[in-house]
Amino acid sequence: MKSSRRLGLVMIAPAAIMIVLFFLLPVILTAVFSMTNMSTATGISGGVYQIAPNSLIILKSAMPDIAAELAEPRYAIDEAGLKAVEGLGLAHGIAAELRAKHAGEVFPTRREAERMIKDLAERPSTRDVKQISEQFNRSAVNTRFDSKEELFSALDTLGLNLTLEQKEAVAEATYTGWTWTTDNFSRIATSPDMARVLLNTALYVALVLTLFNVGYALLLAIWTHYMPPAPASIFRGIWLLPRITPVVIYVMLWKWLAWDTGFISVLMGKFGYPPKNYLLDTAYNAWFFVVLINGFIGASMGMLVFSSAMKAIPKSQFYASEVDGASRWQQIRYIILPQMRWPILFVTCYQTLSLLASFNETLLATNGGPGNATEVWALAAYHTALRNYAGNLEYGLGAAMALVLVVIGVTLSLLYLRVFNYRTLVAKPLIED
Amino acid sequence: MTILPTLKSLTVAAAILASTSALAFAKDVTITVWAGGTGPNDVYRLDAIDIAAQQLERQAALKGEELKIKVEKKAYSGWDDFKQALTLAAEAKTAPNIVASGHEDIAPWSQAGLIVPIEDYVDLDAWPLNGIYENLLQIASYNGAVYGIPQDAESRPMFFWKPHMKAIGYSDADLDALPQNVQDGKYTMKNLLEDAKKMQDKGVVQPGYGFYPRPSNGPDYWQFYTSFGGTMEEGGKLVFDKAAMQRTYQFFADAVKAGVTKKNHIGMPGDQWWKEVATGKAGIWDGGTWHYARLVNQEGLKDFFGNVIFTLIPAGEGGKANTLTHPLVYLLTAGHDKEETDIAAQLITIASEPRINALHAVKSAHLGISEAESEVDFYSADRWTREATERLLPHANAMPNNSDFGKYWNIMWKNLEASWTGAKTVDAAIGDAESELKGTLGDKIVIR
Chain A
1 MKSSRRLGLV
11 MIAPAAIMIV
21 LFFLLPVILT
31 AVFSMTNMST
41 ATGISGGVYQ
51 IAPNSLIILK
61 SAMPDIAAEL
71 AEPRYAIDEA
81 GLKAVEGLGL
91 AHGIAAELRA
101 KHAGEVFPTR
111 REAERMIKDL
121 AERPSTRDVK
131 QISEQFNRSA
141 VNTRFDSKEE
151 LFSALDTLGL
161 NLTLEQKEAV
171 AEATYTGWTW
181 TTDNFSRIAT
191 SPDMARVLLN
201 TALYVALVLT
211 LFNVGYALLL
221 AIWTHYMPPA
231 PASIFRGIWL
241 LPRITPVVIY
251 VMLWKWLAWD
261 TGFISVLMGK
271 FGYPPKNYLL
281 DTAYNAWFFV
291 VLINGFIGAS
301 MGMLVFSSAM
311 KAIPKSQFYA
321 SEVDGASRWQ
331 QIRYIILPQM
341 RWPILFVTCY
351 QTLSLLASFN
361 ETLLATNGGP
371 GNATEVWALA
381 AYHTALRNYA
391 GNLEYGLGAA
401 MALVLVVIGV
411 TLSLLYLRVF
421 NYRTLVAKPL
431 IED
Chain B
1 MTILPTLKSL
11 TVAAAILAST
21 SALAFAKDVT
31 ITVWAGGTGP
41 NDVYRLDAID
51 IAAQQLERQA
61 ALKGEELKIK
71 VEKKAYSGWD
81 DFKQALTLAA
91 EAKTAPNIVA
101 SGHEDIAPWS
111 QAGLIVPIED
121 YVDLDAWPLN
131 GIYENLLQIA
141 SYNGAVYGIP
151 QDAESRPMFF
161 WKPHMKAIGY
171 SDADLDALPQ
181 NVQDGKYTMK
191 NLLEDAKKMQ
201 DKGVVQPGYG
211 FYPRPSNGPD
221 YWQFYTSFGG
231 TMEEGGKLVF
241 DKAAMQRTYQ
251 FFADAVKAGV
261 TKKNHIGMPG
271 DQWWKEVATG
281 KAGIWDGGTW
291 HYARLVNQEG
301 LKDFFGNVIF
311 TLIPAGEGGK
321 ANTLTHPLVY
331 LLTAGHDKEE
341 TDIAAQLITI
351 ASEPRINALH
361 AVKSAHLGIS
371 EAESEVDFYS
381 ADRWTREATE
391 RLLPHANAMP
401 NNSDFGKYWN
411 IMWKNLEASW
421 TGAKTVDAAI
431 GDAESELKGT
441 LGDKIVIR
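Residue numbers (the numbering used here), protein chains in the order written: chain A, 1 to 433; chain B, 1 to 448.
Derived from the structure by calculation, the hints contain no laboratory data.
Positions of the beta carbon are idealized from the N, C-alpha and C atoms, including for glycine.
Incorrect hints may appear among the rest.
So the derived label-pair ranges between C-beta atoms look like this [what the hints assert, rightly or not]:
| # | chain 1 | residue 1 | chain 2 | residue 2 | range |
| --- | --- | --- | --- | --- | --- |
| 1 | A | V20 | B | G318 | 58 to 66 Å |
| 2 | B | K93 | A | A171 | 50 to 58 Å |
| 3 | B | D184 | A | R115 | 35 to 43 Å |
| 4 | B | E91 | A | L253 | 30 to 38 Å |
No farther apart than 30 Å at their CA atoms in a straight line, the calculated lysine-lysine pairs in the DSSO-like style are these [said to hold, decoys possible]:
| # | chain 1 | residue 1 | chain 2 | residue 2 |
| --- | --- | --- | --- | --- |
| 5 | B | K444 | A | K167 |
| 6 | B | K63 | B | K257 |
| 7 | A | K118 | B | K338 |
| 8 | A | K270 | B | K281 |
| 9 | B | K257 | A | K255 |
| 10 | B | K63 | A | K270 |
| 11 | A | K130 | B | K63 |
| 12 | B | K438 | A | K167 |
| 13 | B | K338 | A | K83 |
| 14 | A | K118 | B | K68 |
| 15 | A | K148 | B | K93 |
| 16 | A | K148 | B | K237 |
| 17 | A | K130 | B | K93 |
| 18 | B | K275 | A | K255 |
Partial pick of chain B residues on the chain A-facing surface, computed with a CB cut under 7 Å [to be verified]:
| # | residue |
| --- | --- |
| 19 | A112 |
| 20 | G236 |
| 21 | Q272 |
| 22 | D432 |
| 23 | G439 |
Same shape as in the complex, but just chain A (with noise of 0.2 Å):
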């Protein structure tokens, strides 16, 4: 019994490590990642401490004095700075004239000093240039400093003096890496524009799901149920094709009909109507597009798991129900749909959660648009963490946006569950007990 028992986790080993690695942890990053300001700026493997003019910016109201000392770039040709050059084992006479010429001078920046190291008798190469300036170099300014203890020795070589609270702020200041953060989630629940965008997500998700991939497959069904068998996988196959279809293509063949070059303005035309883009028109008309587009793709799948459910019923059933002089509407309505209850759960549920996170088809379509009309959750959380023209991608804030939208998933397949009564579904059959 025990060794079956081993046995049983060693053959379940496999499926645990893969719903760990590829279901469990990319939930678990996303809820990091949303804790946190990550952005392309901050990198993604952490940051270091670099003194930059531009960090010292936030240095300045606070501690004027300090941060001008700091942002102080200087050049002193000392006497260590010497003994490093003659150590370079470049030719000798540099650090000589070096030392007999400009000892004891100070140059304000790289670029001062450079000159003044490039206009030697020995006229050293550009990559010895760089090399002969670096020994000179006598501020922190721009140099990256892996971890604070590097930082707070250069600060004490360069003479400030500071005490460990304001070493701490100048780390604070200068740190360029990402930190925690709850930030993310109150900029989500104070924007503007996040509410919006929520709303447009429950419409979607509603008109998507009501319509077609339940509604509308439901219908589907029905209809090739009572269908002969030959026409009605035509049918079925015809309505597959959307699905099938690769979406780049499939949104393409939209646009060719709904653009201003496209069908509809082509033949709104010949009625004297000027040409314009339907599916961007208004706000209406690009959610009329985005609900057909989405759910014609959407409908194939509920039509396929209720028909098949459907031609698991019985025949016997519809036989008696037809001797007994029921008519289809009565068939429908008490043979068919109360046995379609556990295959619409299934549907409404897989769907609703597909649904919330695919925005691959708008983005396409209306790409959000007009005026962020069509932008929904998932598609907000695209954009945020994997576009930006200047490059910045925010990644924390796109992860919490992710987050948001797991959360409601699970929520609402809790809802599911309880609404259809999954329990009694999943009940153990009386006759086992």
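Place chain B on chain A using the hints.
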């Protein structure tokens, strides 16, 4: 019989010696270069590095070194894919050695440590880098360090379709004077909308085609903000000038209200827009200097100068006529061997020489990066590059290099689009932009 094995071993020894000594001098280096926003007219963005590699190999040969440089090139036609790919590759430590991207990327990428300052590797006082326009080098700098070498310059003018302007009463002399009138502030945004309306009322263009701006997000829209008196950055801090932004939003809302710009203009397919502006379907539109290459090479507009006149973006209320330059810069990415980066830097330096850069400028209708380039006959003989350089570049602003500018830009654009399409009133859009900017950037942005 005994001499043969000795001879044999001697030969082998000589061969080994020869191969090792060759190894001591021969060096094979692969330099990868990526460029964003690169279409068929922009091939020299990458090919210039190829040309530079040949030159560097010859230089090395003269010094007795056998340097072989293999240049691996990758062009991205769009920006979104490119920026995603580059940032993710850099995070995964597989970034290319050289990348040509917009200057606005310098701030976030340098803060994240994805790029290194190019001034650590090149002599900015030596030719050709010392000839690069000072303002372009400024744009390629961040935190007081030069991070990139400008690969091109450009500006974003306003274009007018001449026959339509004539149809509403402009004479040839009026049209010739138009650029100067715009520059002097005598022809303003108000006049522009009026002319667009006249064109529609006269029936020379269809409704919605009078003013036909860029149909997607882009740096162009900051020009309108400048035009209405806006400032993007001051003293290292971003600035949101509410009144100027309100006038900017209002301008587009008014254009839609007057019917000269379509409400659903944003998001239209790029190909359609290009075709329409190239065939005179639109009256007035804004675009980049490189549009010239596309209109002439791909869209079949043969007589450009006979049909089109270009000016600065006219002044709006509270602002001045302006244009925006958005140079692409060659950047060096971090995480490579120092010697390899050094070679990459030398390649960038050579590629910036006037003659080589002029190939890109003329082929793609971008503008030159140095005074010397404008003196290259090949460049100055090209009417477009010459006129655009003289007329536009002196008035060009640039977007700030600030790691938070992207966030500001997203919020600005989102609300502009909303007020344009009528999804929000202008007041609501400004209010929303303000509260979101406050929530997002806090005291990193000055709101006034």
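Evaluated hints:
1. A:V20 / B:G318: 58 to 66 Å: holds (59 Å)
2. B:K93 / A:A171: 50 to 58 Å: Violated, at about 26 Å.
3. B:D184 / A:R115: 35 to 43 Å: For R115 (chain A) against D184 (chain B), whose Cβ atoms are near 41 Å apart, the range 35 to 43 Å holds.
4. B:E91 / A:L253: 30 to 38 Å: holds (37 Å)
5. B:K444 / A:K167: holds (22 Å)
6. B:K63 / B:K257: At roughly 69 Å apart (the allowed maximum being 30 Å), K257 (chain B) and K63 (chain B) break the hint.
7. A:K118 / B:K338: holds (22 Å)
8. A:K270 / B:K281: holds (20 Å)
9. B:K257 / A:K255: Given that 30 Å is the threshold and the Cα spacing comes to 26 Å, the pair holds.
10. B:K63 / A:K270: violated (74 Å)
11. A:K130 / B:K63: It holds: about 21 Å lies between the C-alpha atoms, which stays within 30 Å.
12. B:K438 / A:K167: OK: K438 (chain B) and K167 (chain A) at ~28 Å, within 30 Å.
13. B:K338 / A:K83: holds (24 Å)
14. A:K118 / B:K68: holds (29 Å)
15. A:K148 / B:K93: holds (24 Å)
16. A:K148 / B:K237: holds (26 Å)
17. A:K130 / B:K93: Status holds; Cα separation ~25 Å.
18. B:K275 / A:K255: holds (17 Å)
19. A112: holds (4 Å)
20. G236: holds (5 Å)
21. Q272: holds (6 Å)
22. D432: holds (4 Å)
23. G439: holds (5 Å)
Checked against the numbered hints listed earlier, the structure breaks hints 2, 6 and 10; every other hint is satisfied.
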